[in-house]
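> What follows is the residue order along each chain.
2 protein chains.
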Amino acid sequence: MIVELISVGTELLLGNIVNTNAAYLAEKCATLGFSCYHQSVVGDNEERLIESIHAACDRADIVILSGGLGPTKDDLTKDAAAKAWNRELKFDQHSKELIEQYFNNRNMDITENNWKQAMVPGGCIVVDNENGTAPGIIMEENGKHLILLPGPPNELKPMFEGTVTAYLRELEPGTIYSQTVKICGISESQVETVVVDLMDEQSNPTLAPYAKMGEVHLRVTAKAESEKEAKKLVKPLVKELKVRFGENVYTTEENITLEKSVVDLLLANKLTVSTVESCTGGMLAARLINVPGVSEVYKSGHITYSNKAKRKILGIKKNVLAKNGAVSEVVAREMAKYAAAITKSDVTVSVTGIAGPDGGTPEKPVGLVYIGCSVCGKVTVKECHFNGNREKVRQSTVAAALVLMRKCILEYFSQVTFKD
Amino acid sequence: MIVELISVGTELLLGNIVNTNAAYLAEKCATLGFSCYHQSVVGDNEERLIESIHAACDRADIVILSGGLGPTKDDLTKDAAAKAWNRELKFDQHSKELIEQYFNNRNMDITENNWKQAMVPGGCIVVDNENGTAPGIIMEENGKHLILLPGPPNELKPMFEGTVTAYLRELEPGTIYSQTVKICGISESQVETVVVDLMDEQSNPTLAPYAKMGEVHLRVTAKAESEKEAKKLVKPLVKELKVRFGENVYTTEENITLEKSVVDLLLANKLTVSTVESCTGGMLAARLINVPGVSEVYKSGHITYSNKAKRKILGIKKNVLAKNGAVSEVVAREMAKYAAAITKSDVTVSVTGIAGPDGGTPEKPVGLVYIGCSVCGKVTVKECHFNGNREKVRQSTVAAALVLMRKCILEYFSQVTFKD
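Keeping their order, the protein sequence lines are chains A and B. Residue numbering for the first sequence is 48 to 467, as defined by the working numbering. Residue numbering for the second sequence is 48 to 467, as defined by the working numbering.
Note that these hints are calculated values from the structure, not bench results. Because the structure is a prediction, the values reported are computed rather than measured. Glycine included, C-beta positions come from ideal geometry on N, C-alpha and C. Keep in mind that a hint or two might mislead.
In silico lysine-lysine, PhoX-like type, Cα no more than 25 Å apart, as pairs [what the hints assert, rightly or not]:
id : chain 1 : residue 1 : chain 2 : residue 2
1  : B       : Lys359    : A       : Lys355
2  : A       : Lys391    : B       : Lys365
3  : B       : Lys359    : A       : Lys120
4  : A       : Lys120    : B       : Lys365
Sample of chain B residues at the chain A side, in silico, Cβ under 10 Å [stated by the list, open to error]:
id : residue
5  : Ile64
6  : Lys75
7  : Ile97
8  : Ser99
9  : Glu430
Work the whole structure out from these sequences, hints included.
Now the structure itself:
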């Protein structure tokens, strides 16, 4: 079946925001086995929205619209979809109650325009929004499917992954099964060099690389009549990838992130962890603490952004900082070591670097970062050079710190070795 | 004049990459004063590409295609554009020489398929590519303009900013100017209620709301013959918005974020700041530290995720935690107070809450967060109720903490009052 995406929003046409929803939905639809030949972006204009819906419905079986479901006057997607398919908007009591509940839970007053969100096209399936007030909508007619999702990614994603995915799975009779081999510690081009032969020769299963910050995901996808058969097609290729990438594969599970793999490793080895951060200023801790259940292993975190904080909180000597500079192998090592002593954690990670835009010198340019990791007293320090703006340097640092933690713990406890 | 964007590439349709080129081109075109009503994405398929070019040329005066100009078999944009406009591809000696030069400069062998890039549609303007091998193309016919740009952003951007911008400036005499009024501490629907009359009555300038996490941006955009005149149209509406939203407007500057406005407020009042976080686990510090120059004000941060860390690092008594629970008004207050004592900072912010998915009870559900803010000894605690998953609760908390910091500092030092 063919799916087409329409992203709605003048902010996209003006380039105010990057269309990450389209990339997300496109990837999910490909995984579900749908073909996609067109994506489009239209503004908050009813006439052009209706035209776009008609054009997309002519070309595709399933049209997914995102954005324009909110309470404001600009939010026209529901009106346009209803008009395009000759339906009336009707009041939905259930949605009204959920909106009330949303505001009551937050002790907020409900302004009148919010009730607009409880109006839905006649005969549609209403998809509850657990993270916002605008419900999603599914409409069906003559074998065509129109799906309306809210624009905010934190509302769109859970809605798509829940009800909408279940709905779409029913539509595609063949089964698509895919498994992702998640690799860290190797660059995308290195990964591609290793699998170029496999990418050329495969048609079912297919192999597609996705570059993420500090990691590469290789997605193996097969289509077959049953899930059992599709899995059978996927299995040997996943096995081959595990052989080729060895310990750099951190998981083949969909719901395991790099930070979760690190937390799982800590749990499995009954280790506690603490963080000390300078340029990342809490981002590493924040990413670890996004893993539910991290309280079992996470002891405490310290953000020692200034030299004074490095001295006062960690006890690093003034002359050590003066001699080596705060961004140095020596200071990263001491930060990890002293944090271990202070927090009495089995594993500590330290970060010190120059995130920019200022602070760089010819000897120590913007993007230079030292990451220290102490595992039961054994300290490893990695020197990194990252490109990009302040945000990018800091995100790359966090990913590299997670990769280093994983490597150090595995080397210490499992005596494995890494190719890198 | 109307511009339309077509992004070419199967990798976009599969969601392998995010379409940052479209956002970049859209923003640049808006700034140049062009209207844009449609963007589309098509794959590396000649037939669909030709169809898309025809459809876009029917709707717009200028069609900009990006991607698909490279040397491989998949690169079909030039062939499709030539066929769509009934032109022949011809060999271009100048482009051939630049390609040779590119490879020679890098001591690389030229593979045969590269010469394809020296073929250009008859009668076109060739745009030199200083950062790659595929030249850009400009075609003109019956008042329509077709512009072909290479896909890699590092080739597309310099080409657009050089020759293409100069070409486009000749086409459009008018100028677009826009200014954004950034508001915090009020919901999107509340904001709209306040400005609904202004949104209805305006056509030039226009007024558009953009909801962000914890804030709302109102963009005022005007079109005029000169930048001076456009600015003159924008000014009174921006002034009116500032009157209506008072202290809830934190800036009207494009490059000032909520966190930067807080850091600027700290700098202006010569205040130092420290953070103590539980459920946000470093996210608040990370957001503050994303502001370049924050080192002037930021002293240190502590992540006291466990009760033990709250006791050990901050000195909160065991019985206070036992009696009130870690997520309580009392503990948020003590966290902020003790952090001020330990770090000797003028401003301290504390966060304690239940981010979920586990840990909620009927009395203290997931999403309950207390934020404490101490300004020179005066402590304010705000109770918040957020919806959504763990990530969303934590992001909402960080935004609310920044809003609270701003409010407390302004109330303390400027005796202003807030409507909320």
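> Run every hint past the structure and note whether it holds.
These are the hints, each one checked on the structure:
no., hint, in the structure
1, B/Lys359 / A/Lys355, "holds (21 Å)"
2, A/Lys391 / B/Lys365, "holds (20 Å)"
3, B/Lys359 / A/Lys120, "violated (52 Å)"
4, A/Lys120 / B/Lys365, "violated (52 Å)"
5, Ile64, "holds (7 Å)"
6, Lys75, "holds (7 Å)"
7, Ile97, "violated (13 Å)"
8, Ser99, "holds (8 Å)"
9, Glu430, "holds (8 Å)"
Checked against the numbered hints listed earlier, the structure breaks hints 3, 4 and 7; every other hint is satisfied.
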